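2 protein chains.
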Amino acid sequence: MDLSAVKFDDNGLVPVVAQDAATGEILMVAWANAEALETTERDGLATWWSRSRRELWTKGKTSGNTLKVRDILIDCDGDTLIYTVEPSGPACHTGKRTCFFRRNENGAWSDIAGL
Amino acid sequence: MDLSAVKFDDNGLVPVVAQDAATGEILMVAWANAEALETTERDGLATWWSRSRRELWTKGKTSGNTLKVRDILIDCDGDTLIYTVEPSGPACHTGKRTCFFRRNENGAWSDIAGL
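So the protein lines, in turn, are chains A and B. Taking our numbering, the leading residue of the first sequence gets 8, the next gets one more, and so forth. Taking our numbering, the leading residue of the second sequence gets 8, the next gets one more, and so forth.
These are calculated hints, taken from the structure and not from any lab test. Treat the hints with care, since some could be wrong.
Facing chain B, from chain A, some residues (calculated, C-beta under 10 Å) [unchecked claim]:
1. 9
2. 15
3. 30
4. 35
5. 37
6. 62
7. 63
8. 93
9. 96
The structure displayed is predicted, hence computed values, not measured ones. Built from N, CA and C at the ideal position, the CB exists for glycine as well.
Produce the complete structure using the sequences and hints provided.
Okay, structure coming up:
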């Protein structure tokens with residue numbers, strides 16, 4: 008991967024959106040450093056940098072719910088990426104298919120039906 | 008909107024993904040502060056905070072290529088949001104439909120056909 012096009016922030020991170028390759032659904036967003044991007048490219052499994060644990064984090068390495076990466080996209084100004092993925096299970100630690108299961112409804116966050 | 012569920016970073020910002028409500032295509036990602044989120048909710052047009060210009064930024068206010076917001080979603084840990092939108096024109100300043108028009112291909116960023 009050409010990392011010179013990636014504009015990492017002051018902490019050496021960029022947000023990376025995981026999007027279901029089949030449905031287009033946005034599954035999660037997390038932060039990646041250069042090593043996470045290179046690991047993702049090499050191993051084909053969506054990998055980020057855990058800011059809380061301060062370690063490389065391949066999604067599903069513990070739970071088995073990995074995200075197989077089909078493509079890596081970059082935006083026009085290089086400060087955000089997309090992993091288009093094939094999920095092997097729920098992406099969210101709550102057991103939901105996606106981490107985005109709440110919508111703003113009359114000023115409150117309501118669970119979306121069917122997620 | 009219940010802003011208490013939103014985990015803004017040290018700069019008071021969260022990344023917000025704009026996703027085409029009809030096609031699921033991810034159009035762009037930018038940063039929003041509390042005022043940008045409230046403005047989006049009130050006016051129904053996708054609004055962010057421009058970090059370079061240091062001002063509230065309603066996408067398309069100059070170009071006319073606004074993003075009409077149908078829904079605002081939040082993720083499980085509250086540090087990323089989605090605007091699901093109906094675009095009135097190209098989302099990218101390059102004239103492309105989406106800012107994500109390049110993919111990693113053999114170590115280089117290649118334009119995606121058809122975008």
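These are the hints, each one checked on the structure:
no. : hint : result
1   : 9    : holds, 5 Å
2   : 15   : violated, 14 Å
3   : 30   : holds, 7 Å
4   : 35   : holds, 7 Å
5   : 37   : holds, 8 Å
6   : 62   : violated, 17 Å
7   : 63   : violated, 19 Å
8   : 93   : violated, 15 Å
9   : 96   : violated, 15 Å
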